[in-house]
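Student: Next come the chains, spelled out residue by residue.
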Amino acid sequence: MLQRFYLLRELKAEFSKYRHTMVYWLMVLCPFAIAMFVFVINHWTTPQDFIKSISEGKNPWEIYIVIHYRVITILLLPLYVAMMSGVIYGREHRNNTWKHLYTLPIPQWSIELSKHIFSLIILMLTLLIFAGFIVLSGYVISAVNPKLNMAQFDNQWRFNLLMAAKVFLSIISIWVIHNWIGRRFSNIGYNIGLGLVGVVSASILIQGWKYVKYYPYAFPSIEVLNQKEIHTLFTKPVQYSLIVGLVLWVISFWDIHRRTIRA
Amino acid sequence: MNHIIKGLRAEYLKTHQTAVYWLLLLCPFALNILILLLLNEAGEKWIKNGVNPWKILYEFNYGLLAEFFMILFIAMMTSLINNVEHKGQSWKHLYALAQPRWAVYVNKSIYSVGLLFFVLCYFAVMQLVTGAVLSLLRPDLGFQSQHLSLNINLMLMLKMFFTSLTVWSIHHWLTFRYRNFSLSIGIGLLMVVFVTLTIRSMKWIDYFPYAYIKQIFGDKKGEDLTLLSQEVWLGIGVGLVVWLGGLWDARRRDIL
Chain X
1131 MLQRFYLLRE LKAEFSKYRH TMVYWLMVLC PFAIAMFVFV INHWTTPQDF IKSISEGKNP
1191 WEIYIVIHYR VITILLLPLY VAMMSGVIYG REHRNNTWKH LYTLPIPQWS IELSKHIFSL
1251 IILMLTLLIF AGFIVLSGYV ISAVNPKLNM AQFDNQWRFN LLMAAKVFLS IISIWVIHNW
1311 IGRRFSNIGY NIGLGLVGVV SASILIQGWK YVKYYPYAFP SIEVLNQKEI HTLFTKPVQY
1371 SLIVGLVLWV ISFWDIHRRT IRA
Chain S
11 MNHIIKGLRA EYLKTHQTAV YWLLLLCPFA LNILILLLLN EAGEKWIKNG VNPWKILYEF
71 NYGLLAEFFM ILFIAMMTSL INNVEHKGQS WKHLYALAQP RWAVYVNKSI YSVGLLFFVL
131 CYFAVMQLVT GAVLSLLRPD LGFQSQHLSL NINLMLMLKM FFTSLTVWSI HHWLTFRYRN
191 FSLSIGIGLL MVVFVTLTIR SMKWIDYFPY AYIKQIFGDK KGEDLTLLSQ EVWLGIGVGL
251 VVWLGGLWDA RRRDIL
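First to last, the protein sequences are chains X and S.
Going by the working numbering, the residue at position 161 of the first sequence is 1291; the numbering climbs one at a time, nothing skipped.
Going by the working numbering, the residue at position 242 of the second sequence is 252; the numbering climbs one at a time, nothing skipped.
In short, the hints are calculated from the structure, not lab data.
Think of the CB as a built atom: it goes at the ideal place given N, C-alpha and C, for glycine as much as any other residue.
Do not rely on the hints blindly, as some may be mistaken.
[What the hints assert, rightly or not] Below, a list of computed lysine-lysine pairs in the DSBU-like style, where the Cα atoms sit at most 30 angstroms apart:
1. X:Lys-1340 to S:Lys-65
2. S:Lys-16 to S:Lys-97
3. X:Lys-1142 to S:Lys-97
4. X:Lys-1147 to S:Lys-97
5. X:Lys-1366 to X:Lys-1343
6. X:Lys-1229 to S:Lys-24
7. X:Lys-1340 to S:Lys-55
8. S:Lys-16 to X:Lys-1366
9. X:Lys-1229 to X:Lys-1147
10. S:Lys-16 to X:Lys-1277
11. S:Lys-213 to X:Lys-1182
12. X:Lys-1340 to S:Lys-58
13. X:Lys-1358 to S:Lys-55
14. S:Lys-102 to X:Lys-1343
15. X:Lys-1188 to X:Lys-1358
16. X:Lys-1147 to S:Lys-102
17. X:Lys-1358 to X:Lys-1340
18. X:Lys-1229 to S:Lys-55
19. X:Lys-1182 to X:Lys-1358
20. X:Lys-1229 to X:Lys-1142
21. S:Lys-65 to S:Lys-55
22. S:Lys-16 to S:Lys-102
23. X:Lys-1358 to X:Lys-1343
24. S:Lys-97 to X:Lys-1229
25. X:Lys-1229 to X:Lys-1366
26. X:Lys-1142 to X:Lys-1182
27. X:Lys-1343 to S:Lys-55
[Said to hold, decoys possible] Far from chain X by the CB rule (all over 12 angstroms, computed), these chain S residues:
28. Leu-33
29. Phe-83
30. Tyr-121
31. Ser-159
32. Ile-162
33. Asp-216
All chains should be built: construct the whole structure from the sequences, respecting the hints.
Tutor: Structure representation (structure tokens):
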């Protein structure tokens, strides 16, 4: 019973540690920037399939939502995860506070776990904020560009949240990898470098490698590009991602547990 | 001149065997391995109708760099090089040394640009190795019987280097000034997304610094490449202006 309180206390400490830091700003600004870019480009180009679907009386929100999630998942999220976990752990590495944390009367698993939970909450909030920005962007574009009047249709917020959940679950394995790297190495460069190679390799291998469906960095892209199963939550990539993520997470927890700390 | 040589040696010592070092060597290597994997698996998709497979290989490799690797790589590399000083809190020490104030910025710039050039050369050479390995693994693709077209490789490499100078000078300035790693990477990331989305829709994007790299292949595929085209001039010119801005800023900088 008591141990549960450790975790809560730790989690509270995490939130106060990162208040007004880069982590919070990234959480709001990255989704905002992506939503802004997609909005601006749709406004400039006024895509024909949108106009066609609106004039035929079909609901254009689904296409609009899927475009947003494709852009953020394929280009931004893996590197965002790398950057986020690098920044979160970087604070402890930079101030050399690992020794201090371990001498506190808190079990070690609680220290690690609270960081993991905090990092996952930030990731989830990022996606939820993004979902909010999509709805906002849809209404703004219907006000600004009369040809793309989407406000008359139902905004399909359920589908929007489903997409967010799909993306979140399929990115879990990437998150576990970067969480581990960020915890192990004080240099944020390893994290970003691996993320970069991961994203680029996924984008190449997805074009023709046989076993790409087992490659962690390709899970989110396969998930959002799969038009057939866009309405189901537990598709193959999500399942693989959860399994791979769980296995790696257990290994990482064990690895961190047996590690000694150097100054 | 003395300051520069001494400074460069110091820069080398500082970054020797750190993350920068390994990333510079391993990132291009990883890309080459990936291309090798892909062409070994499904090379016949792209290499057909008797086109020169070497040309396809070069275009594939440099296309990948131009697509999103280059900008993020530069953002990362400059951050790592400048972060050595931020981490060690050694800016005060550097400015207090018996050398002119400009030397701090100039040394770092020369070292950083040199590394960029070195990485691109290394990448260019590695592609020849990739092709040689492919000629053993997949003789049917015809790497062994075709002309190497080294001039295309060299041309693309040089164009890539010159067009990325602007991005480099922007990120070098940013990371020189600000300690925060995620600022440089974040800006790089957002600009990659922006350019990827806009490159086809707007005319003025041709003049946007982060879009120069994407234009190295010319307007149409198969067209003869010229080295000194618009994006190369823009890359060098704008890069120089931004770099001079950075130099001016570094000279008047206060270290708190």
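Student: If a hint holds in the structure, say so; if it does not, say that too.
Tutor: Now for the hints, and whether the structure bears them out:
| no. | hint | verdict |
| --- | --- | --- |
| 1 | X:Lys-1340 to S:Lys-65 | holds (25 angstroms) |
| 2 | S:Lys-16 to S:Lys-97 | holds (22 angstroms) |
| 3 | X:Lys-1142 to S:Lys-97 | holds (28 angstroms) |
| 4 | X:Lys-1147 to S:Lys-97 | holds (20 angstroms) |
| 5 | X:Lys-1366 to X:Lys-1343 | holds (9 angstroms) |
| 6 | X:Lys-1229 to S:Lys-24 | holds (27 angstroms) |
| 7 | X:Lys-1340 to S:Lys-55 | holds (14 angstroms) |
| 8 | S:Lys-16 to X:Lys-1366 | violated (57 angstroms) |
| 9 | X:Lys-1229 to X:Lys-1147 | holds (17 angstroms) |
| 10 | S:Lys-16 to X:Lys-1277 | violated (63 angstroms) |
| 11 | S:Lys-213 to X:Lys-1182 | holds (25 angstroms) |
| 12 | X:Lys-1340 to S:Lys-58 | holds (20 angstroms) |
| 13 | X:Lys-1358 to S:Lys-55 | holds (25 angstroms) |
| 14 | S:Lys-102 to X:Lys-1343 | violated (51 angstroms) |
| 15 | X:Lys-1188 to X:Lys-1358 | holds (19 angstroms) |
| 16 | X:Lys-1147 to S:Lys-102 | holds (28 angstroms) |
| 17 | X:Lys-1358 to X:Lys-1340 | holds (20 angstroms) |
| 18 | X:Lys-1229 to S:Lys-55 | violated (55 angstroms) |
| 19 | X:Lys-1182 to X:Lys-1358 | holds (21 angstroms) |
| 20 | X:Lys-1229 to X:Lys-1142 | holds (20 angstroms) |
| 21 | S:Lys-65 to S:Lys-55 | holds (14 angstroms) |
| 22 | S:Lys-16 to S:Lys-102 | holds (18 angstroms) |
| 23 | X:Lys-1358 to X:Lys-1343 | holds (16 angstroms) |
| 24 | S:Lys-97 to X:Lys-1229 | holds (19 angstroms) |
| 25 | X:Lys-1229 to X:Lys-1366 | violated (41 angstroms) |
| 26 | X:Lys-1142 to X:Lys-1182 | violated (50 angstroms) |
| 27 | X:Lys-1343 to S:Lys-55 | holds (20 angstroms) |
| 28 | Leu-33 | violated (5 angstroms) |
| 29 | Phe-83 | violated (7 angstroms) |
| 30 | Tyr-121 | holds (16 angstroms) |
| 31 | Ser-159 | holds (22 angstroms) |
| 32 | Ile-162 | holds (20 angstroms) |
| 33 | Asp-216 | holds (15 angstroms) |
Checked against the numbered hints given earlier, the structure breaks hints 8, 10, 14, 18, 25, 26, 28, 29 and satisfies all the rest.
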